[in-house]
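Peer 1: What follows is each chain in one-letter form.
Protein chains: 2
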Amino acid sequence: MDLMEKVVQLAKARGFIFPGSDIYGGLANSWDYGPLGVELKNNVKREWWTMFVQQRLDMVGIDAALIMNPKVWEASGHVATFTDPLVECKNCHERYRADHIDLKAACAKCGKKGMFTEPAAFNMMMKTWIGPKEEASAVAYFRPETAAAMFVDFPHILQSSRKRVPFGVAQIGKAFRNEITPGNFIFRTREFEQMEIEYFIHPSEWQAQFEHWLAQMHAFMAHVGIDTKRVHELEVAKEDLAHYSKRTVDIEFDYPFGRKELYGLAYRTDFDLSTHAKHSGKPLTYTDPVTNEKYVPHVIEPSFGVDRTVLAIMLSAYDEETVNSADGEADTRIVLRFKPAMAPIKVAILPLSKKEELSSVAKPLAETLAKHWRVDYDETQSIGKRYRRQDEIGTPYCITVDFDTLNDQSVTVRDRDSMKQERVKIAELEAYLSNKL
Amino acid sequence: MDLMEKVVQLAKARGFIFPGSDIYGGLANSWDYGPLGVELKNNVKREWWTMFVQQRLDMVGIDAALIMNPKVWEASGHVATFTDPLVECKNCHERYRADHIDLKAACAKCGKKGMFTEPAAFNMMMKTWIGPKEEASAVAYFRPETAAAMFVDFPHILQSSRKRVPFGVAQIGKAFRNEITPGNFIFRTREFEQMEIEYFIHPSEWQAQFEHWLAQMHAFMAHVGIDTKRVHELEVAKEDLAHYSKRTVDIEFDYPFGRKELYGLAYRTDFDLSTHAKHSGKPLTYTDPVTNEKYVPHVIEPSFGVDRTVLAIMLSAYDEETVNSADGEADTRIVLRFKPAMAPIKVAILPLSKKEELSSVAKPLAETLAKHWRVDYDETQSIGKRYRRQDEIGTPYCITVDFDTLNDQSVTVRDRDSMKQERVKIAELEAYLSNKL
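Chain order of the listed sequences is E and W.
According to the working numbering, the first sequence holds residues -5 to 431 in order.
According to the working numbering, the second sequence holds residues -5 to 431 in order.
Simulated from the structure, these hints should not be mistaken for lab results.
Among these hints, one or two may not hold up.
Result set (DSBU-like, lysine-lysine): computed pairs, CA atoms no more than 35 Å apart in a straight line [claimed, not checked]: (1) Lys157(W) / Lys419(E); (2) Lys168(E) / Lys379(W); (3) Lys419(W) / Lys0(W); (4) Lys276(E) / Lys240(W); (5) Lys414(E) / Lys365(W); (6) Lys127(W) / Lys107(W); (7) Lys365(E) / Lys168(W); (8) Lys39(W) / Lys168(E); (9) Lys0(E) / Lys157(W); (10) Lys430(E) / Lys419(W); (11) Lys365(W) / Lys430(E); (12) Lys357(W) / Lys365(E); (13) Lys254(E) / Lys254(W); (14) Lys357(W) / Lys127(E); (15) Lys365(E) / Lys121(W); (16) Lys0(W) / Lys65(E); (17) Lys157(E) / Lys65(W).
Derived CB-CB ranges, DEER-like [claimed, not checked]: (18) His273(E) / His196(W): 55 to 63 Å; (19) Thr326(E) / Ala22(W): 36 to 44 Å; (20) Val133(W) / Ala425(E): 36 to 44 Å.
Please read all numbers here as calculations on a predicted model, not as lab measurements.
Heads up, the beta-carbon is just placed ideally off N, CA and C, and yes, glycines get one too.
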């Protein structure tokens, strides 16, 4: 098994990520975050918000509706251009991405040759209707990106927050693209979650701000435990840049299925605000209170995928090592070496036996620690198996309550990475763990 | 202005909640959470997750895809029955909810009488297509509730989490209903956010668990600052219960527009798991490891609306009081009396003047405090106006940095509710605020 298969299998077995709607045969590459996955994902989102919103006086957040006025997507160009060229087999009506197949080859479904239509555009936005009538005037789209709302809401944000340029707006939320070729687990899915920032600047400072945000993105990756050795910057060539962008850097990650995009950073000039100003008829300008210069702010856009972050963290954290088992034989230990802040479970409480004497100490201890951290309580199977299970889900600390505990009011704390064990007084345990976690 | 108008106006002006897509003329009762609203909403969700997932050893969370296999909604009955009876005016084609109008009256749009069709069903799920073809086999729906995924994922959750009955599954996320009559600000919208729990039990204990969860729901409301005097339990009458439910309590709130639903608590027997087992062909049973009894768990469902919680908190927190202004005249002070855990901004740093001597102390102080809490920094207009602005957004503590600060290394801390001011050493400020917040 390659690393990808191992991580997907572990994710399913241990409750990080399941196939969506699985009892009904699933649904085209959709995935549900299970009990551990939702904690990991929440940890990613919380750390991002703390780093980029809470701790910065120059940043504010928003959370906009997923369905926006369709005029937004006409203005942004998504209605006209957000398309993949498709071909259809005239015999069996199967569709393919034109750039993914040899147009002179046989149809993979029906085997007929020379039956492909000319490539045609297919809009990738997910369409719906608002209100009772399925008619053209009621068509709406689920947003294909979170960015647009931060431009559309710019005047409200500016007026209510009273921020001055440079300042940024951050948003975390779902976006939807009717991908024809989703795949690679949670790497490319039709519904996905983004963490995006639009940082509004005076055009004169774009180079410095670009460098600042590039450094910030690297700092975030290191903070959440993405292996920096697998991260690469791809400077998008001038001829491949969008017409409005003066510089774009794709941040790529070495996934087992190849080096692919993880994040992106783009200097988008004033393209977005100017375009929405033109289409909406509302001025989206800023007046500097000191110089009185009136201008359309330019924007630096750091864009992060939540699901790709989760995947990169799991791939970075996955480790196997050979250890001696209890009976002296060589054995493979699987460990997710999460940073403590990312670990879904921080502490596992493992009473040595199910006997009431031990659970009467272990249960209240678990409940006390659960006031601060996500705690697991596991009293089944051998202690060795329980340690391995916690290693596999990346729990930093296992706490064993044994019969000595009844006498010495102490427990054994085992470190996930070193497997070293330390005896700690119950009365000192909260302080001990606070210090470590 | 009534309380509702005041809160809606304040929400917009101060950046809690804006009309969605506003520069494009909005979009049919959609709303965006602005810089303060997103913090308030995140506080609600975080406290809910802490109380009902993190701190309980018998609970786990999930985060499932918004688009599920359509068979889920066939099984749940949403495809067949999730409908409002509508009538259409045969003259102008305007549609109305049949139970909202007098069918013998004139059409409100065109004025013609006697032109209404017979009432007909209209499915309230938001429809889309997956993949490139807009055809019947590609139809999918955005989920109309978060609950279903917790039943559909039951086998994966049970297997991976190794929990034993009684245990519960929690989920926070968006749901969508193509409401014909949305309204009352964020009370009823087409896209909304839910916090739901499915608590799986042995049927013998349903009464005790129902009472437990009813008490927990009240505890949550008190915790987040919903005025308990405006909360009422409505015991749903036997003849109005869904056929599978043995008991349902609607928790209602006195909104300015009437007493309406805030939360709901239902004992749903084994209806959901049994129905999905039947339709999917997968057994959704549980075997008790002690008694070996094999059965379909029953479920208690506490259901919370995120947006309604935000609205109830804002309505509960809004207060006006008469105070003497600086020039001795009676003045009205608007205060949002949020609980500190709910306040979007915990601390405002207000340097008495914009002079560099003060900002060189105030800025680093703000940055230090921002490591722990969301901080606002405001140096414009008079200190009185700045206090009022912070009162209006419910900031518990304002910290004034003045020229004495340069000598005594102390700042003035003002309490939002009492307006009392206290001089505190900068070195002791973090501990002082930690204790209060």
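Peer 1: With reference to the structure, classify each hint as holding or not holding.
Peer 2: Outcome of the hint check:
no. : hint                              : result
1   : Lys157(W) / Lys419(E)             : holds (29 Å)
2   : Lys168(E) / Lys379(W)             : violated (38 Å)
3   : Lys419(W) / Lys0(W)               : violated (38 Å)
4   : Lys276(E) / Lys240(W)             : violated (55 Å)
5   : Lys414(E) / Lys365(W)             : holds (32 Å)
6   : Lys127(W) / Lys107(W)             : violated (42 Å)
7   : Lys365(E) / Lys168(W)             : holds (27 Å)
8   : Lys39(W) / Lys168(E)              : holds (16 Å)
9   : Lys0(E) / Lys157(W)               : holds (24 Å)
10  : Lys430(E) / Lys419(W)             : holds (30 Å)
11  : Lys365(W) / Lys430(E)             : holds (19 Å)
12  : Lys357(W) / Lys365(E)             : holds (33 Å)
13  : Lys254(E) / Lys254(W)             : violated (50 Å)
14  : Lys357(W) / Lys127(E)             : violated (55 Å)
15  : Lys365(E) / Lys121(W)             : violated (42 Å)
16  : Lys0(W) / Lys65(E)                : holds (30 Å)
17  : Lys157(E) / Lys65(W)              : violated (48 Å)
18  : His273(E) / His196(W): 55 to 63 Å : holds (59 Å)
19  : Thr326(E) / Ala22(W): 36 to 44 Å  : violated (57 Å)
20  : Val133(W) / Ala425(E): 36 to 44 Å : violated (57 Å)
Hints 2, 3, 4, 6, 13, 14, 15, 17, 19, 20, counting from the list given before, are not met by this structure.
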